[in-house]
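What follows is the residue order along each chain.
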Amino acid sequence: MKLIYSQLQKLLPSLNVEPQKLRDDLTMIGHFTNFFEEIEGEIVFDLDIKVNRGDCLGYYGLAKDLSVYYNIPLKKIESPLFQGEGGAKHLGVLPIQVSTDKVKRVMAIKISEINNTESPDWLKKFIKCHGNNPINTIVDLTNYIMFLYGIPNHAFDTAKSTDNLIWQINPSYKEFISLDGTKLELNSNILMINNLKKPLSLSFWGGEACAIDINTKEIIIEMAVYDQATIRQNSRQLKSVTEAATRLEKLLDSELIPTAFSHLIDLILKNVGGQISSEVFDYYPQKVSLPQIKFNYNKPSQVSGIEISKDFCVSCLTRLDCQIQDDLITPPSIRPDINIEADLVEEVVRFYGYQNIPTNEPVTSKDVPDITPKEIYLIDQLKDKLVDLGYDEILTWPLVSSSVDSDTVITTQNSINTESIYLRQSLIPALKQQLDQYQRLKLNATQFFEIGKIFFQINNEYIEKNSLGIYNSDINALRQDALQCVSNSNLENMVFDGNFVEIILDNLSKPNIYTPKTTDYNAYELTSQIITLDANVVFDKMQDSEKLIKDYSQKIGKNNLWQLVISDIFSDPKTSKFRYTFKASYFNLDDKTAKEIHASVFELK
Amino acid sequence: MSQDLEEILKQSIDKISQSSTDQELENIRVELLGRNGLINKLFSDIKDVPAENRKQYGADLNRLKQELESSIENQSNSVRANHDSPPPVLQKQNLFELPKLGHLHPLTQTERQLNALFKKLGFSIYNSPEIVTDEFNFERLNVPKNHPARDMQDSIYIKEPDYLLRTQTSTIESYLLKTKSKELPIRAAFPGSVFRNEKVNRSNHFVFHQYQAVVVDKGLTMKDLIGTMDLMFKTLYGPDIVVRYRCKYYPEVEPGVGPDMQCFNCHGVGCPLCKYAGWIEMGGSGMIHPKVLQAAEIDTNIWSGFAFGMGLDRWTMAQKNIKDIRTLMGSNLAYKPNEL
Ligand SMILES: [Zn+2]
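The listed protein sequences derive, respectively, from chains A and B. Each residue of the first sequence is one higher than the last, beginning at 222 in my numbering. Each residue of the second sequence is one higher than the last, beginning at 149 in my numbering.
In short, the hints are calculated from the structure, not lab data. Even for Gly, the Cβ is constructed at its ideal location relative to N, Cα and C. Warning: the hint list may mix true and false statements.
[Stated by the list, open to error] Selected chain B positions facing chain A (Cβ under 10 Å, derived; list incomplete): (1) Q166; (2) P277; (3) F454; (4) M477; (5) S479.
I would like the entire structure built from these sequences, with the hints used as guidance.
The structure is reproduced here in structure tokens:
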């Protein structure tokens, strides 16, 4: 949602804070504001509106929130009510039908003898600031009103649409072409506005068939609020998200329609002339019923942990336009998200300011019974044991591309790609892949392991087991270490596969308690192959090998050196000199750089 | 080198120097350097050495081994010289390598760091299945069918619409509340992998890792929540981190609280790193929504609760200078064999 600062100030004339402060304050009260920028000479904010606050997808709702927070007046919008227009009662009744219960309220009216024009500059600027292209005055005014009140609305060119508008679930139309020419294939549950012969509009997207152009002389404008779930489903099904859809799929206030609608009519008459040529159509089968909520004035203090007075509660709820009768509170219709006491508590606390809650008083230690499942202790213990034995822990994908046992494999219905559709039944295939990957990276990986879930489907039941997979390049060591892991438990839980073993943990005996180690280990992201190079260095006498490794490692540097090994020491009795052969492995370096570093450190020619 | 090892070295060299035949020397070699010899036994003892001393111990052993080898070699030369045999050209594989060290996965390290903090405060660690029902993943968390919050989470289904892979660690919370509703108060923390139907690339993954903590007790407040969360962030990021706590919407909490970290690059002003917001979102939290407690048959007139959750992947990646999220799940993650 875009928000032009100067437009906001029209609703809040005494609002005068620095843009950066407004950005932060909006965020603190729940409207995350990403940034503000200058567009067309205006300061424009970019906000993420919470899914439960449809009212804030318009200036009006946001201004209301800010007027409560800053305790400044919100300007009432003056729109001459169209019902007051002399003689309107004698005009014809629009032949509109609503044949679906998905419409909560719709208002419509016909205006004739208009002279549509290019939009005036102020309107063009407004539309551009909101990231849209100006089209013509009528279309831009309908959008202007949508941004102002958060309620979408639409104008039909009656020369193309006729007056016979029908709100209905798609009777049998196969296809719909939107205002911008997008062709959509329709299915049967789409809420539409049609005439007797053709589709005219979706609930959230106008159609090409009756689009307003510069020559349009007569229009029907409508403003409606629908069953939000229907709109969300329609918009998802058609994979079309419009500004109107993002609003209509939220709870909107049917009671706000008369104000917004009369404002729209007023603006149209002022900007393109014309006159009202029908009675107001107002379909509103079930008036919004407002909840009456019992409210404990101590609750905001109890929930927040700081003292919030009853006076503040009353003043805040009053500014929100709640009706207050002692401890019974009725929220305004523009706030359909407020239904229970907890909702009111949140309102009071957020306007009191989360920033007033201290941040340095955590819960103190408390003796609560330990409910840690014992398998968590076992897993921690096994990880420590294996790390002590020199193993590295890795993680692999739980979704895999082939099954081990097709009878028990669990298949996902909508996986991330067409290959990885199965839940793994064993860790070993992925450990093998990891070994391949290490070999591609020319990394001599000798010992690693993973602990994770494996999955089965047996008798229509989904079964998860904790599993340990181990690889060791030394098969004897693998056997020894695996035995250590199961510590004399049932050996049936162990499956060997070459240099790999898998152990199901569920049947192993588990420790009653275990405190895992919290050592800090380094880990690296390899971006290229490890490069291993030899170097011979001759010394006059026997060297301290450890010191040699240390000194050369330091020369090469931690950021380049993967590993340094002395692979051979040759003492020549003839010369009585010692030749040391080093194997130095470099990482995340290109070949040329590795060789340069190598040559320079070992002083090779 | 430790005194014990020095002593072993001294005694062994005495023995070697006293031997006068090839056979005698070979026996000593097997005893010391053979497959079941002393040195290999000492190497296998490395697991009992505290982690911080292990590197030094390994290095010492390698030096000991090397000195014994060269001592045997020299003695062999002199034995042969005494027997007037021709001097051989000496070549031996005398590998010197620091011991291979094991490593925990970076995510395990982060999880353990947080687990340790919460255990001190009396929390248990908890977990629950990864294949879950719609009821536990959504309904019990105040996200009924058609709730817009469902759009924020693209689920991977096992059997639509009832069975899916859990999309959030709050799902563990709903299991916890259901299972332990008669054993209040509860303090529990849980790391967990969660799944979303996301294309895998450098910055997105279908499996990622969250950490969540839940408390149900009498008289809990937002002050307790925010204080505890702040302690967690200071433990992870250090005492100088600036975090603000703002109003944020999650269906399973009310009031909802969103922690944001002040951008360390621009200190709140706004810069490209924080997308000009000045702050970076850290996770979500709040007082547990009464409907969530009621779904677990917990009496909200007596008990209240708070919960907070955060992602672990980004933080762990920043810690280890990992740029590609795929690295966390296998592929290019590696550990230097001789470095902790
Ligand atoms: Zn920044």
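Evaluated hints:
1. Q166: Status violated, d = 22 Å.
2. P277: holds (5 Å)
3. F454: holds (9 Å)
4. M477: holds (5 Å)
5. S479: holds (6 Å)
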